[in-house]
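**Student:** Residue-level listing of the chains:
4 protein chains.
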Amino acid sequence: MKLKIFTTGGTIDKIYFDKKSQYEVGDPQAGSVLERANVVLDFEVESILRQDSLDMTAEDRRLILKAVESCPEKHIIITHGTDTMIDTATGLGKIAGKTIVLTGSMYPARFHESDAVFNLGCAVIAAQTLPPGVHIAINGRIFDPKHSRKNVEMNRFEDLDA
Amino acid sequence: MKLKIFTTGGTIDKIYFDKKSQYEVGDPQAGSVLERANVVLDFEVESILRQDSLDMTAEDRRLILKAVESCPEKHIIITHGTDTMIDTATGLGKIAGKTIVLTGSMYPARFHESDAVFNLGCAVIAAQTLPPGVHIAINGRIFDPKHSRKNVEMNRFEDLDA
Amino acid sequence: MKLKIFTTGGTIDKIYFDKKSQYEVGDPQAGSVLERANVVLDFEVESILRQDSLDMTAEDRRLILKAVESCPEKHIIITHGTDTMIDTATGLGKIAGKTIVLTGSMYPARFHESDAVFNLGCAVIAAQTLPPGVHIAINGRIFDPKHSRKNVEMNRFEDLDA
Amino acid sequence: MKLKIFTTGGTIDKIYFDKKSQYEVGDPQAGSVLERANVVLDFEVESILRQDSLDMTAEDRRLILKAVESCPEKHIIITHGTDTMIDTATGLGKIAGKTIVLTGSMYPARFHESDAVFNLGCAVIAAQTLPPGVHIAINGRIFDPKHSRKNVEMNRFEDLDA
Numbered sequence: 000m001k002l003k004i005f006t007t008g009g010t011i012d013k014i015y016f017d018k019k020s021q022y023e024v025g026d027p028q029a030g031s032v033l034e035r036a037n038v039v040l041d042f043e044v045e046s047i048l049r050q051d052s053l054d055m056t057a058e059d060r061r062l063i064l065k066a067v068e069s070c071p072e073k074h075i076i077i078t079h080g081t082d083t084m085i086d087t088a089t090g091l092g093k094i095a096g097k098t099i100v101l102t103g104s105m106y107p108a109r110f111h112e113s114d115a116v117f118n119l120g121c122a123v124i125a126a127q128t129l130p131p132g133v134h135i136a137i138n139g140r141i142f143d144p145k146h147s148r149k150n151v152e153m154n155r156f157e158d159l160d161a
Numbered sequence: 000m001k002l003k004i005f006t007t008g009g010t011i012d013k014i015y016f017d018k019k020s021q022y023e024v025g026d027p028q029a030g031s032v033l034e035r036a037n038v039v040l041d042f043e044v045e046s047i048l049r050q051d052s053l054d055m056t057a058e059d060r061r062l063i064l065k066a067v068e069s070c071p072e073k074h075i076i077i078t079h080g081t082d083t084m085i086d087t088a089t090g091l092g093k094i095a096g097k098t099i100v101l102t103g104s105m106y107p108a109r110f111h112e113s114d115a116v117f118n119l120g121c122a123v124i125a126a127q128t129l130p131p132g133v134h135i136a137i138n139g140r141i142f143d144p145k146h147s148r149k150n151v152e153m154n155r156f157e158d159l160d161a
Numbered sequence: 000m001k002l003k004i005f006t007t008g009g010t011i012d013k014i015y016f017d018k019k020s021q022y023e024v025g026d027p028q029a030g031s032v033l034e035r036a037n038v039v040l041d042f043e044v045e046s047i048l049r050q051d052s053l054d055m056t057a058e059d060r061r062l063i064l065k066a067v068e069s070c071p072e073k074h075i076i077i078t079h080g081t082d083t084m085i086d087t088a089t090g091l092g093k094i095a096g097k098t099i100v101l102t103g104s105m106y107p108a109r110f111h112e113s114d115a116v117f118n119l120g121c122a123v124i125a126a127q128t129l130p131p132g133v134h135i136a137i138n139g140r141i142f143d144p145k146h147s148r149k150n151v152e153m154n155r156f157e158d159l160d161a
Numbered sequence: 000m001k002l003k004i005f006t007t008g009g010t011i012d013k014i015y016f017d018k019k020s021q022y023e024v025g026d027p028q029a030g031s032v033l034e035r036a037n038v039v040l041d042f043e044v045e046s047i048l049r050q051d052s053l054d055m056t057a058e059d060r061r062l063i064l065k066a067v068e069s070c071p072e073k074h075i076i077i078t079h080g081t082d083t084m085i086d087t088a089t090g091l092g093k094i095a096g097k098t099i100v101l102t103g104s105m106y107p108a109r110f111h112e113s114d115a116v117f118n119l120g121c122a123v124i125a126a127q128t129l130p131p132g133v134h135i136a137i138n139g140r141i142f143d144p145k146h147s148r149k150n151v152e153m154n155r156f157e158d159l160d161a
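Going down the list, the sequences are from chains P, R, B and E.
If you read the first sequence in numbering that gives the first Met the number 0, its first letter stands for residue 0, the second for the next number, and so on.
If you read the second sequence in numbering that gives the first Met the number 0, its first letter stands for residue 0, the second for the next number, and so on.
If you read the third sequence in numbering that gives the first Met the number 0, its first letter stands for residue 0, the second for the next number, and so on.
If you read the fourth sequence in numbering that gives the first Met the number 0, its first letter stands for residue 0, the second for the next number, and so on.
No lab work stands behind these hints, which were simulated from the structure alone.
Just so it is clear, the structure is predicted and the values come from calculations on it, not from any experiment.
Where hints are given, some of them may not hold.
As the list claims (entries may be wrong) - Derived DMTMM-like pairs: lysine to aspartate or glutamate, alpha-carbon spacing no greater than 25 angstroms straight-line:
hint	chain 1	residue 1	chain 2	residue 2
1	B	K73	E	D54
2	E	K1	B	D26
3	B	K1	B	D26
4	B	K1	E	E68
5	B	K1	E	E58
6	E	K73	B	D158
To be verified - Pairwise CB distance ranges (calculated):
hint	chain 1	residue 1	chain 2	residue 2	range
7	R	N150	E	E45	43 to 53 angstroms
8	B	E43	R	V151	17 to 27 angstroms
9	R	R49	E	T56	52 to 62 angstroms
10	R	R49	B	D160	53 to 63 angstroms
As the list claims (entries may be wrong) - Anything over 12 angstroms on all C-beta distances counts as not near chain R; from chain E, calculated:
hint	residue
11	G9
12	K13
13	I14
14	E72
15	D82
16	D86
17	L91
18	S104
19	M105
20	F110
21	I141
22	V151
23	D158
Idealized CB from N, CA, C, for every residue including glycine.
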């Protein structure tokens, strides 16, 4: 089994630039997180985009869809901003025969107290144990993108019927 | 679903005591790791032991077995030292109807570059997605305790036939 | 000797709010940094402002001046955004008989790889060892606010004649 | 001004080896701490020893003395285990015309909540602002090795007459 990780930007990869007094999406963090955790899986990281998910366009989503469809791997993680993660997940629903897990974080991976490393651990196991389909791994749970939303006020995901 | 987490000590909980110039098992880290990751599951942490796993006795293992058997929860994580994790896992094999996931870390959770947070993310998803039985979540994979070992030299787990 | 620490905001105290997809000035970090370093000095932290230093007004600077002038302590640290730290320092030049040290950081204290903790260590010793006057402690050096500037491009302070 | 940093081991450089279930002195941390803090001083790090300070011998101290005496720099930091830091400092008392600052930490630099980075900030300023002589920078203060001791029970330094 080979795990493919696509990175698209989002808070998980954000860095603070004092020069501009603002954050920006920086280098993808997923690869170094997996290396520090001494993951023994065969995995490969590929950066597709460096977008804040609020800025993601239909064209960006076509790019992600094409990358996931055309790669030979059956077990896929996508790191993504949380604000429009469900939109991207929904667009990937047509892909058959692949376990696709989207994850991200509410705090940049470079923060002391980020949820990024934990969420990547969740995603790595989800990508190996869940059936084909599109899943979201965040807040210690697996969410079905068709039946969940980000609760922006509470800064966490929840089931639609919650 | 309610997740029960038993802590037993091991490297994951180690703290350095300058006064004695040595590491010792400190307060269990699992609860605060899950809180920082903003886990929305219902979970409960219970400390059973504070042992380096090399010092774990048959009596210690009976204590763990009893705790796991008698708790009402069906989804269980045990944080444990890695050196004898497989011994403890083997002893739990007789318990039916519960998904039991052992995890731990090669570096203390209090280290900057520890595998502890990632491994707990792995274990939290494994405890929810795997079938009943005893599993080990470490190095980004799920290991079957009957067919794996810790490679002490390489400081990682591997399949017995590897 | 008692050390007084005034906090005014700046990058050192910034936190990331995923909800708004931006950084904002959060709780002052200086006190908890000194506690974690097990500082045995008598010190007191007082929050005056929570400003990004680019947004600091003349009225804000009058507030800082008044606080530093009127406090009984002779050894003072001010944590401050780096962009206009020299402006604030210049305005404090008229205060006699007090050692005033301004510090801050280029990365938020909550980042893994921040300069905040190091800079606070620098400032704590500078406030005890330097003569009365206004000093800036950053980048491992003491700068005289009358003869230095922030090199925004290089993201560090330098002497005016550099 | 050029700053010379000699590293000799001690808790500041300790790393945990799961393979042996114990800590050991690892690579010197001072250089990377100063780099992360974006220090603009001219500085050079040289590793003399990798000793737990409880294991330091008379021969080890002769080595340190010789290195400090013979180097051309006038501003010197020595990172050192805290347990016998005062013994080493006392032996350096005969060196004239150099500002020598010893520092170390109660927790390894690799810990999230270590005092190492803060103490190095303290030492870097102390080495530039203090008069020639031997000084200890720890717990946010400057201690005179002739009139101080480590309070092992409290895990901090104090004045002899405290």
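**Student:** Could you run down the list of hints and mark each one as holding or not?
**Tutor:** Going through the hints against the structure:
1. K73/B to D54/E: 42 angstroms, violated
2. K1/E to D26/B: 37 angstroms, violated
3. K1/B to D26/B: 23 angstroms, holds
4. K1/B to E68/E: 36 angstroms, violated
5. K1/B to E58/E: 41 angstroms, violated
6. K73/E to D158/B: 22 angstroms, holds
7. N150/R to E45/E: 43 to 53 angstroms: 36 angstroms, violated
8. E43/B to V151/R: 17 to 27 angstroms: 51 angstroms, violated
9. R49/R to T56/E: 52 to 62 angstroms: 35 angstroms, violated
10. R49/R to D160/B: 53 to 63 angstroms: The hinted range 53 to 63 angstroms holds for R49/R and D160/B, with Cβ atoms some 60 angstroms apart.
11. G9: 10 angstroms, violated
12. K13: 7 angstroms, violated
13. I14: 9 angstroms, violated
14. E72: 29 angstroms, holds
15. D82: 7 angstroms, violated
16. D86: Per Cβ check, D86/E is outside 12 angstroms of chain R; nearest 16 angstroms; holds.
17. L91: Non-interface label stands for L91/E: nearest chain R Cβ at 23 angstroms, farther than 12 angstroms.
18. S104: Contrary to the label, S104/E does not stay out of reach of chain R, its closest Cβ about 8 angstroms off (not over 12 angstroms).
19. M105: 4 angstroms, violated
20. F110: F110/E not clear of chain R: closest Cβ-Cβ about 5 angstroms, inside 12 angstroms.
21. I141: It holds; I141/E is separated from chain R by about 20 angstroms at its closest Cβ, greater than 12 angstroms.
22. V151: 6 angstroms, violated
23. D158: 20 angstroms, holds
Hint compliance for this structure: hints 1, 2, 4, 5, 7, 8, 9, 11, 12, 13, 15, 18, 19, 20, 22 are broken, all remaining hints hold.
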